[in-house]
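In case you want the letters, here they are:
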Amino acid sequence: MAEKKEMPQELKERLKAEFNLEWRKKLRKSIPIKERMKISRQKMPEREAEERNKDFYEVNLGIKAKAAMKEAQRCLDCANPKCVMGCPVGIDIPAFIKLIEIGDFPGSIQKMKETNSLPAICGRVCPQETQCEAVCNLKKATGVPVAIGNLERFIADYEKLKGEVYIPPILPPTGKKVAIIGAGPAGLTVAGDLVKQGHKITIYEALHLAGGVLVYGIPEFRLPKSILQAEVEYLEKLGVELKLNFVVGLTATLDDLKNEGYDAFFIGTGAGLPNFMRIPGENLIGIYSANEYLTRVNLMRAYDFPEYDTPVYLGKKAAVLGGGNVAMDSVRIAQRLGAESATIVYRRSRVEMPARVEEVHHAEEEGIKFHFLTTPTKFIGDENGRVKAMECLRMELGEPDSSGRRRPVPIEGSEFIMEVDLVVVAIGNSPNPLIPKTTPQLTVGKWGNVEVDWDTMATNIEGVYAGGDIIRGGATVILAMGDARVAAREIDKYLKKTKRKTRTTKKEKK
Amino acid sequence: MAKILRRERLVPNIHLLEVHAPEIACKCQPGQFVIIMPDERGERIPLTIADWDKKKGSITSIFMVVGTSTHKLSLLNTGDEVPVFVGPLGMPSKVEKYGTVLCTGGCFGIAAIYPVARALKEAGNKIITLLDAKASYLLYWEDKLKAVSDKFFVASRDSYYNCKDYIPHVISNVIKEEKKIDRVISIGCTYLIYTCSEATRSLGIKTIVSLNPIMVDGTGMCGACRVTVDGKTKFACVDGPDFDGHLVDWEELFSRRKAYFEDEIQSLNFWEKKTFP
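Line order of the protein sequences matches chains Z and S.
Residue numbers for the first sequence follow my numbering, so the first one is 1 and each next one is one higher.
Residue numbers for the second sequence follow my numbering, so the first one is 511 and each next one is one higher.
Bound conformation, chain S alone (with noise of 0.2 Å):
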């Protein structure tokens, strides 16, 4: 059982939880992911690990609700406990000085993308955060993520904000501005990732793409979050989640995810009635 010290929503659809795990946070690095399961007869789910206190012994994630188990989570309350919090898992992301590096986020990866930007910070990196939100009250976190880059850049549908304009468009402006960009890091839905990776693609600079398949065990045991990288399958639970997104079978990641599209409509309408009758 581990405890809830906090859960707050950021933003509409947004929610920040930050669970008692001293363990873990004496032991996580940038880029690893923790599994919850929010109760007895929840699902086992992975979620990213966006900050960290080893001081208080807590762990900090960002979610979004989409189905049952996003839910359920939106509703704990501090001092709650839920059954499973087990990390950290995953291999951390690799932070080295590579020069300039431009950090992409979205959605959930705004916060997960923070702890990776920090730390190539302070590697050595100049870093260049482009962060993508479908309207300006959509964002959160900003001065926590202007406070670790050397220029900061928000892409939304709105006029709120420097850029409005979708991601691929704004990473492809940015980049030709900056002129030399030694890697890009992406974390958030697929959608914005693989966009991400394909804008940079014919330019020929590496790419990072944190994946988000679906998982069960988290440990390497039972495949589920099977994805194809340069041709070969690998376990994104234990071999990643970080890969190049240059050599990700997009399409069947994409797939792979939807494989359950239909129970997961059902399991929320399920759960909504019992829950609010």
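The shape of chain Z in the complex, shown without the other chains (with noise of 0.2 Å):
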């Protein structure tokens, strides 16, 4: 995996730059650091618990215009913004955030979009705590971060709700082409970084609707639809085409796309293979691997049945297994959608759990149990082959893994029952097999991810580009865009290195 790394030269200066700007000067010194520091953190408005956890609207309404600059003034403006090294896609917070103190609202949307092309969605679903936030100065010195992430939504909302979506300057055409296979956060993120450069971008979709998990897999109420909708119309406003019900690797493979004279490809196909436990009883009906349940509520709408087709198994005993970000998503769902009691079941204890803690936090207040150092053992079903009940087993915590977490151990003899009517299994994903099995020459590692170079992004064919969970496994929204920066760079970089090859292609022979 990618480690922390020194501050680029490159980005260095481009801070510096605007670190030194007269207005940037004058507005520091305008409020002293003291009287900063002792304005409290602006509370994000968010629905009573009672209220949100029997409908699926979202949880969160944003900071308005007036909290929003109340909270810019909490920055200190550091000559040394370790936020932005905090940050996987290296936006240049202070600025952003200088930009709303003033009350430029449609200037700090554009100096956010020159790093970030989909702000509303990362101001909703990044884990800042453990990012931009949890290396923020002011955390530092009052232990309270600045809410850079409610900032960052709050702007993105702003632009949205004036509907004048600002379209960045784009460089004339390269007449290089760029396929991007999976419309997930690391395609969408390298398409609007490689459409602005000039280059002519294609998105292949294998679903009917572009965005990836973030559509399949993050529900309404924590990222609506409407919002990934209108930052997918601004990238085609920018020119970026989609071609969406098409499988790569099955309806054509990247060879054959090769042949129709793409000059680079990224692969961002994500980690789409549901684990599942493997113990007896697993494939009752009522057990879902967290992947189904998600794309039955959110993409298929299951929980409007039966104005939408899709149904979806409304349990009132649910359990769900695991304890990341997933797992809170769909727990959460089971509540909205009827269930007497939803319960997190995981492994380990609460604090290895590697959700967001805001996510863990609005589950607790929607009534959501936790059952730790749990570990489901055997399913046992009914006469129909639903599933009635868990077997399941406690567990206590030993010596750290690899992954720095302490290993849970089995008490022996500890079994009990805890009945159950509906199960998603929401330990996580592998990578996609379908790229790597129909591309031959593709080096694959040992967990079927896609090896590429850390630094660049590129795999072992030359021109073949790939980021996010596809070469992680299961990770996070904001990494698959921090990898999809760095290939966008590399593959701009590629184009303009290899000249313009007289290519022709299949139908231009014709």
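In short, the hints are calculated from the structure, not lab data.
Mixed in with the good hints, there may be bad ones.
[To be verified] Have a look at the derived ranges for each label pair, beta carbon to beta carbon:
| # | chain 1 | residue 1 | chain 2 | residue 2 | range |
| --- | --- | --- | --- | --- | --- |
| 1 | Z | H361 | S | N779 | 53 to 61 Å |
| 2 | S | G567 | Z | G175 | 23 to 31 Å |
| 3 | S | T785 | Z | K237 | 34 to 42 Å |
| 4 | S | D660 | Z | E236 | 49 to 57 Å |
[Unchecked claim] Over the 12 Å line for every Cβ pair with chain Z, so calculated as not near, a few chain S residues:
| # | residue |
| --- | --- |
| 5 | R516 |
| 6 | H525 |
| 7 | K537 |
| 8 | D563 |
| 9 | N683 |
| 10 | L763 |
| 11 | F771 |
A virtual CB, placed ideally from N, CA and C, is assigned to each residue, including glycine.
With the hints as a guide, bring both chains together as one complex.
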């Protein structure tokens, strides 16, 4: 995995230039640091737990302009903004926040879009508390970091509300064609970056809507589809072409596309292969992979059945296995769909849960139960093949494993039965095998992940790059976008280096 | 969006759908399937590819009208569009020279087995085709199948065709008569392929069945279609749909296919009331 590195020279200079702008200097002096530190963090308004846990409308309502400007005052505009290094896509955080402070919201969104094409999404789903906000100097000083994520969401939503979408300058056409495989967070980011360089971008997507995990995985109450839709439309406005319902590997292989004259490729096909527990009874009815459960509910809108045709099994006693964001999403959905009890069953303890703190907090407020240090050992079905219970084992924490988290060890003889009628297995995904399987030259690691040079995101095939969960296994939206940013930069370099070959496509030959 | 070139009722309840999908037509092989979604609110359902025309860029599928999705499909007309028509999905059927191959099909499987029989015939096999139709008037594509078969039988419950019997009995008779059958292929409703597979189990003839569990994405992403084969969980959409029938956990498959039985009835009632008030 990529480790934290020194700040690149280019980024350092860019930040410094902004930092030294006259208006920034003046603004810094306008309020003494001590005063700035006294301002308390502006609270994100959210809907009441008892109201929201019955519907699919968004939980967080977004901060208002006044609160955003107040929050922006908290930012100390440090000479050494650690937050930028904490951000996988390297957003110039002080610059966009200071523009909010002076009320120049259009300027702020413009600044944001220099580095991040999808701020409305990142502002909602990034784990800021472990990234930018974790290293915020204000956190060091006062314990409470600047609400960077909330501010990011604010300017993105402000732009949408105003209806005037800023279109960044696009360089003249280079005549180069890039195929992006997978319209998830990585693919959309690469598209946004490369289209601005004047390249012709086509995204191939297997499903009928763009967004990848943003559309099939993350629920409406955390990321409304309309927000995603607007981001996708924005990319289309920039000139990105979307080819939906096209499974690269099956409808055409990567080599087929090469013959169509693409100069470079980006593989962002994600972690599409759900992991199961591999314990007896797992194929009983009522046991879903998180992918299936979320896809039915989010992509196919089973929460609105029978208005939409796809059904989903409505459990009264729901158990979700796992402790990540996907598990939190699944359990909160089960609750919203009428479960009398919706429980997280996690084999480690609370502190090891990989989910965002905010999601865990929201889940608890909504009445989700947590069974820590518990793992199921088998599922028990009724006479119709439906799950009715699971046998579980209690665990205790042993030595840390390779991930640094303490390994759960079963307590012998601690078996007990938990009654369940809906189980969602949310214990992670493996990289999607379709491209590796149909592109034999591609080097693949032992987990089925596409292998890349972590500095450039280049695979072993010239002109073919990859990023996101296809190289990482199951990670996060923002890490995928970080990979994508690097890949886009390198693809651009590669395209500028290679002379335009006089290729003729099959169609042109005819 | 994919354009409907033709939708035609072949026999009561069974329709043909020809869709403009040039990319799929270029790539597809016997035994593969597509996922179709009849409208923006519809379900994603798998349909086996029954034929294709590379020149015209079209894919032909046959479906039986059962639930909401297939009812919606049965109302499509030339020029209409469907939001999802994606493929070709699944592993192609294995086509080699086996010797004598018995191809059995029923309902939509009559059409679905056609490209498999054709390819096996081209590979130099002797093809015996045995179709199942509840009544003689429910049989279709007879000529197409006869053209690729060395021997042709129909099992129906009326006496119009040569065998008035259920398919498991007929299959045993055909096998006895033929003496040497090297492989059996079976496509159709789960009960039909199950009975075909059971009929050959004691005889030890390798029997390949094309499974049709419930699917959602069809590309291996969700695991809705998981089936147990030889004690291991497989995804029918990417590992199949063809499996060795003698290794399939049929009880599990039957039960999983019924997972949404009540929802399907509710959905159909809801749609009918809305569509035909």
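Structure-based check of each hint:
Checked against the hint of 53 to 61 Å, the C-beta distance between H361(Z) and N779(S) comes to roughly 42 Å, which is inconsistent with it. Hint check: G567(S) to G175(Z), Cβ distance near 28 Å, so the stated range 23 to 31 Å holds. About 37 Å separates the C-beta atoms of T785(S) and K237(Z), a value consistent with the hinted range of 34 to 42 Å. Remark: the range hint 49 to 57 Å for D660(S) to E236(Z) is upheld by a beta-carbon distance near 55 Å.
Distance to chain Z confirms R516(S) as a non-interface residue, since its nearest Cβ pair spans about 20 Å, more than 12 Å. The non-interface label for H525(S) is consistent with chain Z: the shortest C-beta to C-beta separation is roughly 18 Å, beyond 12 Å. Not every beta carbon of chain Z lies more than 12 Å from that of K537(S), the smallest distance being close to 6 Å; the non-interface claim is violated. The claim that D563(S) lies off the interface holds: its Cβ sits roughly 17 Å from the closest Cβ of chain Z, which is beyond the 12 Å cut-off.
Taking the minimum C-beta to C-beta distance to chain Z, about 34 Å, the non-interface status of N683(S) holds against the 12 Å cut. Not every beta carbon of chain Z lies more than 12 Å from that of L763(S), the smallest distance being close to 9 Å; the non-interface claim is violated. A beta-carbon of chain Z comes within 12 Å of the beta-carbon of F771(S); the shortest separation is about 10 Å.
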